[in-house]
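2 protein chains.
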Amino acid sequence: MNDPRDLQPAARSAEPGQEIERLIQLLARLPGLGPRSARRAALHLVKRKDALMVPLAGAMAEAVEAVGICSTCGNIDTSDPCHVCSDPRRDHSMIIVVEDVSDLWALERANDAGGSMNALYHVLGGTLSPLDGIGPDDLSIPALVDRAQDDAVSEIIIAVNATVEGQTTAHFITDRLEGADVAISRLAHGVPVGGELDYLDEGTLSAALRARTKL
Amino acid sequence: MNDPRDLQPAARSAEPGQEIERLIQLLARLPGLGPRSARRAALHLVKRKDALMVPLAGAMAEAVEAVGICSTCGNIDTSDPCHVCSDPRRDHSMIIVVEDVSDLWALERANDAGGSMNALYHVLGGTLSPLDGIGPDDLSIPALVDRAQDDAVSEIIIAVNATVEGQTTAHFITDRLEGADVAISRLAHGVPVGGELDYLDEGTLSAALRARTKL
Numbered sequence: 007m008n009d010p011r012d013l014q015p016a017a018r019s020a021e022p023g024q025e026i027e028r029l030i031q032l033l034a035r036l037p038g039l040g041p042r043s044a045r046r047a048a049l050h051l052v053k054r055k056d057a058l059m060v061p062l063a064g065a066m067a068e069a070v071e072a073v074g075i076c077s078t079c080g081n082i083d084t085s086d087p088c089h090v091c092s093d094p095r096r097d098h099s100m101i102i103v104v105e106d107v108s109d110l111w112a113l114e115r116a117n118d119a120g121g122s123m124n125a126l127y128h129v130l131g132g133t134l135s136p137l138d139g140i141g142p143d144d145l146s147i148p149a150l151v152d153r154a155q156d157d158a159v160s161e162i163i164i165a166v167n168a169t170v171e172g173q174t175t176a177h178f179i180t181d182r183l184e185g186a187d188v189a190i191s192r193l194a195h196g197v198p199v200g201g202e203l204d205y206l207d208e209g210t211l212s213a214a215l216r217a218r219t220k221l
Numbered sequence: 007m008n009d010p011r012d013l014q015p016a017a018r019s020a021e022p023g024q025e026i027e028r029l030i031q032l033l034a035r036l037p038g039l040g041p042r043s044a045r046r047a048a049l050h051l052v053k054r055k056d057a058l059m060v061p062l063a064g065a066m067a068e069a070v071e072a073v074g075i076c077s078t079c080g081n082i083d084t085s086d087p088c089h090v091c092s093d094p095r096r097d098h099s100m101i102i103v104v105e106d107v108s109d110l111w112a113l114e115r116a117n118d119a120g121g122s123m124n125a126l127y128h129v130l131g132g133t134l135s136p137l138d139g140i141g142p143d144d145l146s147i148p149a150l151v152d153r154a155q156d157d158a159v160s161e162i163i164i165a166v167n168a169t170v171e172g173q174t175t176a177h178f179i180t181d182r183l184e185g186a187d188v189a190i191s192r193l194a195h196g197v198p199v200g201g202e203l204d205y206l207d208e209g210t211l212s213a214a215l216r217a218r219t220k221l
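So the sequences go chain by chain: A and B.
Under the numbering used here, the first residue of the first sequence carries the number 7, and numbering increases by one thereafter.
Under the numbering used here, the first residue of the second sequence carries the number 7, and numbering increases by one thereafter.
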């Protein structure tokens with residue numbers, strides 16, 4: 007057996023080429039992928055060039071061209087105003103206020119399932135967080151106040167997350183909307199459909215008890 | 007409040023446009039990303055068009071062009087033969103047999119850290135698995151037997167995973183290499199560096215005991 011110490015070290019590591027290294031680094035910046043899983047994903051892509059990497063690169067290039075942010079509500083879509091804002095069959099008197107586009111998509115999935123409001127949306131772009139330096143001007147709150155002045159709008163449904171930051175933001179928005187002639191509501195708290203009481207926290211359970219409905 | 011039931015359902019959901027939908031579907035095929043996290047990743051990409059999506063699409067397009075599989079060892083690289091196989095400072099008398107390119111990369115990281123063999127590699131492309139219909143011909147075993155006939159090769163180090171499939175494959179390879187004039191070895195079993203005995207399984211502990219080294 008040759009002693010490996012007799013050999014000079016290799017000029018560079020066998021870890022991919024520069025191209026793959028760069029691919030790994032960029033993939034690692036996706037949420038849900040760390041450095042390890044980014045390497046795995048890159049390998050997966052390289053092994054499935056024609057079946058996956060080519061179409062994915064194409065889909066991204068297309069999305070870069072086609073997709074933008076709706077100047078009215080902050081939704082991400084291929085048209086501006088987005089197809090929700092420009093849909094005449096929507097109820098334009100109600101605006102559902104969400105933290106993020108992902109929340110809008112989640113509510114629209116409920117809408118597709120027949121359970122939602124078919125209303126308009128307003129994406130805040132986050133929650134108030136003084137510690138992170140995120141104040142009212144960093145969120146799309148002034149634009150919401152403007153929209154609320156519109157006579158056509160009669161109700162604002164605040165659908166922020168039930169976290170401390172979300173609730174702080176909800177209070178702030180309620181204050182700022184005081185002058186506007188709109189009803190303000192928030193999502194109900196309660197037991198998730200399909201949820202087991204045993205696994206729920208006390209806060210949810212007592213909220214569900216307080217908001218009990220007659221059968 | 008308007009009754010939403012008075013309104014006709016929206017023509018299509020607000021969930022992205024077709025472009026984003028396709029991006030989500032393709033991202034969901036990456037290992038480590040499910041449908042939910044793929045949606046999150048797509049949103050992340052769309053929000054960071056210039057900082058992330060454009061470079062990532064570019065990096066993929068580049069990798070599609072540049073990267074291929076080494077016809078000698080099965081490594082993934084920008085040249086064929088890959089830079090490991092074509093590196094004259096490598097020890098060309100030793101071939102380390104691995105299941106997958108990711109294992110090759112892992113061993114090369116050990117190499118960079120100064121602890122590996124600076125040898126050549128051979129990527130099998132998996133392990134024998136009769137239940138999944140993976141037989142010897144589906145792996146790069148004939149090519150390995152060919153390489154072992156080369157007079158320059160004196161040792162084959164079998165570095166497959168310490169799983170049942172890996173060990174079965176190792177036995178099979180050992181049988182097939184019987185005629186060749188090479189030493190065959192496998193990775194040592196033992197306590198991982200930094201590992202705590204308390205958390206190790208009995209198999210590893212008794213292997214480490216049997217293979218104890220004198221101080």
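Rather than coming from a laboratory, the hints here were simulated on the basis of the structure.
Keep in mind the model is a prediction, meaning the values are calculated, not measured.
Heads up, some of the hints might be wrong.
Put simply, identical chains are the same to the list, so a pair is met inside one copy or across any two.
Mimicking SDA-like on lysine to any residue, the simulated pairs with C-alpha atoms at most 20 Å apart in a straight line are [to be verified]: (1) Lys55 to Thr84; (2) Lys53 to Glu184; (3) Lys220 to Leu203; (4) Lys220 to Pro94; (5) Lys55 to Ala158; (6) Lys55 to Pro37; (7) Lys220 to Val199; (8) Lys53 to Arg42; (9) Lys220 to His195; (10) Lys220 to Gly196; (11) Lys55 to Arg28; (12) Lys53 to Ala112; (13) Lys53 to Ala34; (14) Lys220 to Thr84; (15) Lys53 to Gln24; (16) Lys220 to Ser77.
Checked hints:
Taking the closest pair of Cα atoms, Lys55 and Thr84 come within 20 Å of each other only across two copies (14 Å); inside a single copy the shortest separation is 27 Å, beyond that limit. For the identical chains of this complex, Lys53 and Glu184 are neighbours neither inside a copy (58 Å) nor across copies (32 Å), given an alpha-carbon limit of 20 Å. Taking the shortest alpha-carbon separations for Lys220 and Leu203, only the intra-copy value of 19 Å comes in at or below 20 Å, while the best inter-copy value is 59 Å. When the C-alpha separation of Lys220 and Pro94 is checked against a cutoff of 20 Å, the pair qualifies neither within a copy, at 35 Å, nor between copies, at 82 Å.
Taking CA atoms no more than 20 Å apart as the test, Lys55 paired with Ala158 passes in neither setting, with 52 Å inside one copy and 34 Å between copies. Taking CA atoms no more than 20 Å apart as the test, Lys55 paired with Pro37 passes between copies only; the shortest distance there is 15 Å, against 23 Å inside one copy. In this homomeric assembly, Lys220 and Val199 come within 20 Å of each other (Cα to Cα) only inside a single copy, at 17 Å, whereas the closest approach across copies is 63 Å. For a Cα distance limit of 20 Å, the shortest separation of Lys53 from Arg42 inside one copy, 17 Å, qualifies, whereas the shortest one across copies, 24 Å, does not.
With identical chains, the CA atoms of Lys220 and His195 are at most 20 Å apart within one copy only, with a shortest distance of 16 Å there and 66 Å across copies. Taking the closest pair of Cα atoms, Lys220 and Gly196 come within 20 Å of each other only inside a single copy of the chain (14 Å); across copies the shortest separation is 65 Å, beyond that limit. Within a single copy, Lys55 and Arg28 get their C-alpha atoms as close as 16 Å, and across copies as close as 17 Å, so both meet the 20 Å cut-off. Proximity of Lys53 and Ala112 under a CA criterion of 20 Å is satisfied inter-copy only: 17 Å between copies versus 33 Å inside one chain copy.
Taking CA atoms no more than 20 Å apart as the test, Lys53 paired with Ala34 passes in both settings, with 18 Å inside one copy and 16 Å between copies. In this assembly of identical chains, Lys220 and Thr84 lie within 20 Å of each other by CA distance neither inside one copy nor across copies; the values are 44 Å within and 69 Å between. Proximity of Lys53 to Gln24 under the C-alpha cut-off of 20 Å is restricted to the intra-copy arrangement: shortest distance 17 Å within a copy versus 26 Å between copies. For a Cα distance limit of 20 Å, the shortest separation of Lys220 from Ser77 qualifies neither inside one copy, at 42 Å, nor across copies, at 72 Å.
The structure shown violates the earlier hints numbered 2, 4, 5, 14 and 16.
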